[in-house]
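There are 2 protein chains.
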Amino acid sequence: MDYFFEPKSIVIYGASENTLKSGNHVLKNVLNYKRENIYLIHPMKDYVYGIRCYRSIFDLPIQMVDLSIIILPVEFVFAALLDCLDFGVSGIIIESGAIYLTNDFETLEKIHQLKKNYKDNYKSRIMGPNSIGIYNAFENGIGFTTSLIHFKRFPELKEKNLSMISQTGLTLSGLLFSQNNQQEVGISKIASIGNKFDINESDLLDYLEEDKNTNVIAFYLEDISEGRKFVEQCKRISKKKPLILLKSGISNKAKKAIISHTGSIAGNYKNIQALSTQFGIILVEDFAELFNVGKCLLNQPIPKGNRIGVISISGAGTVLSCDFAMKYNLELPKLSSVQLDKLKSFFPEFAWKDINNPIDIWSAVEKVGPEKAYMKSGEILLKENTIDILVYFLTGIKETEFDWRLLYELNQQYPEIPIYFGLIGGDKKILRTWRKIIEVRYNIPMFFSISNLFKTISKIMIYVNYVSKEGTFLRGVTS
Amino acid sequence: MDYFFEPKSIVIYGASENTLKSGNHVLKNVLNYKRENIYLIHPMKDYVYGIRCYRSIFDLPIQMVDLSIIILPVEFVFAALLDCLDFGVSGIIIESGAIYLTNDFETLEKIHQLKKNYKDNYKSRIMGPNSIGIYNAFENGIGFTTSLIHFKRFPELKEKNLSMISQTGLTLSGLLFSQNNQQEVGISKIASIGNKFDINESDLLDYLEEDKNTNVIAFYLEDISEGRKFVEQCKRISKKKPLILLKSGISNKAKKAIISHTGSIAGNYKNIQALSTQFGIILVEDFAELFNVGKCLLNQPIPKGNRIGVISISGAGTVLSCDFAMKYNLELPKLSSVQLDKLKSFFPEFAWKDINNPIDIWSAVEKVGPEKAYMKSGEILLKENTIDILVYFLTGIKETEFDWRLLYELNQQYPEIPIYFGLIGGDKKILRTWRKIIEVRYNIPMFFSISNLFKTISKIMIYVNYVSKEGTFLRGVTS
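Residue numbers (my numbering), protein chains in the order written: chain H, 1371 to 1849; chain Y, 1371 to 1849.
Every clue listed holds true.
When chains are identical, the list treats them as one kind, so a pair holds in a single copy or across two.
Listed next, the in silico DSS-like pairs over lysine-lysine satisfying Cα-Cα at most 25 Å (straight line): (1) 1798 to 1768; (2) 1737 to 1391; (3) 1723 to 1480; (4) 1799 to 1768.
Worth flagging that the hints you see were computed from the coordinates, not collected in a lab.
The model shown is predicted, which means the values in this text are computed figures rather than measured ones.
Starting from the given sequences, assemble the full structure and let the hints guide the process.
In structure tokens, the structure reads:
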């Protein structure tokens, strides 16, 4: 698949100087990546942005083409595709709307014929139609995309990164954009597979399994093309690289919507749920949840069990934590006498008999300030090896701010236990500043809702339970 | 209760010039509200910030006191309280930690004795202990609070406003702060009732029922003091003013945590759920959800039924909408032939046969631009009176931006149908700018997650179903 993600030569059908056209954005994106070995096919023009146009792919001065991008009006797509196949292009991305949408029945019949015997007759691999192609991140915020949306810059690769296989173009527009500013996850590769004429999620999964920059693989799928193969792959890959699946098309109405949107049929959701329980695939409900789970898995260690320690500025945070712990079957280990004694040293005496996990830290904050209260209690919980996840709840006001570098250092000091940071209220400007430091700079995931934080933990537990059952972790997880 | 919310005279126990002390913040908040008729009780000092201190409340030059605020170390609280009772202060707020936490058994016995026969012996009303008091918004961002956190300014009252009755101080710190910048809801009054020695949620509920600036009432409750009375009140008030309840303490562990946090016992959650089904009380899981529901109820008309129209920039948005509609029992009415014909006028022909509700708007955006595509399709859905809620899904990128004023005008033009705005991905800076205009200026609620948007709709449906069953709405709701 390297000819898709790092093509040495690229042919574009439909490049344009009209900045309102998708063919313009695709060309600009391609030129951002490289300026050599770019060839345009155009019926009339000789140059677009100074780049030589040819009337046909057979007029090109080269014998081999890595990648063809077709971004033409629907009626011209099939002819261009056939040319590319005859030429022997390695990879073809059809970014135009579904070719099946033509009213020309003769063409339609030919398309169905082609699809039927495709693998026997051709070596070219086709992504789409209805794909918006691929994204590949290199070093230092440089990337390559064939998106219909022009990207001037890209998010940075991080130490660990997510890759996405998706049946929506959203991943190569809004969702990639959302990581450009104040990035919460690193993104290595994205493939928008559209209607899957040829290439499907299983093809990409094999490829991403080997990608050294991919640590977590996420899917948005409306249907699964090769059920049995996909199950085998999940079984094999899940242990090495956590898999997050947003599977839409659960409802009958959705199934019909999918038929028009990508031309195929949605799978049975019960089979999908079995994937989750058997192989630890993390099922999520929407893109926001997908990124919430992703940022925890990528930027923090994966927890070894379900024991959580909670430190909250507000009693409401501790009480709600208990409720959510019950709802999601999480343990809240009692504090040891050693831990209690240490905590008492900075809590006022009247609060001593109520210190417990979850820890209501307010009285200590009043006594010794937020920095000492939060950092000391955090260290006390982490040191004894009695918890698998540390959750902080804070309110975003000036009075509770402290040196977040200390939080980062604490996180580094206990590299096996993740820290998640929950905000319960606060000034929006302060929260934004905190997020830039805590989440973006120091990679500690932040949540602006208690329920979203705990829901995310519950999703991660699907994976933790699976991995621990498989014996990868030594410590058991109660289920 | 006016002596709490608009006191003419105020006595403070524990005022301080030390800016690290809570007594300092309380005093500053009080002085923001008024400078006349403020009296301080202090054992040693003669003046604090130039305000005269008295040794005892009996030394005051006045005969009546509307409000006493006690913000003293635990060991001094009981004596101050007794003085206030003997003096005959109308309202007393105990902002200090639970008075029960004393180790002096003799005092503890006296406190229990006092509580037992309280209502027979005294007319003073007590809020707390463990309260942080009240908030009352006047016009133009001016307000009065007794919070432990110093507020320099307050959110503006809006046309419709939320009031809160809460067992956490969070409502008078972080949650009130969060509405200060980029306000999404108006807030009229807040009462932090703490351990409920005397005043409980039912007392406040009677008061807020009559408050002309209160349109929605929200609770954070860990226990309900007078179950039967509360049920009767909900029954009476819910139809006039929607009630949102965040009830924590569902788990046994949470119940124990509550005992230490506020000193009382959590109720049976099944009774709480019955409140919801019988009287349309909207149960929420956390504060973020509470405000999501609140902003929809306050800033948009309350929907008349469960029929939603969805217009989405992405096919993924339409497919997921179908899934959520099924999950939450929402109707997605089919388009009429009139609506279809109108839509066809700005959709490319190849997309005609797939136009449906939810509407995948992308091909129309490509053809006629986002403004025309979004505004026209919105109007077509609204005009025919076939939907009860209009949902827009957009991606926050430059290319999809249009004149949001048109959206506001469309919203005004159909004043019975709410519009909710969902974002699926996008550049964070762009999303922030949009939010300031769409949500803050034009009062159209925004959601950054598809699942949170639909979950919020599902919560609102609890109320809609209740009201329609009661015959308030003419149009029926399928359930």
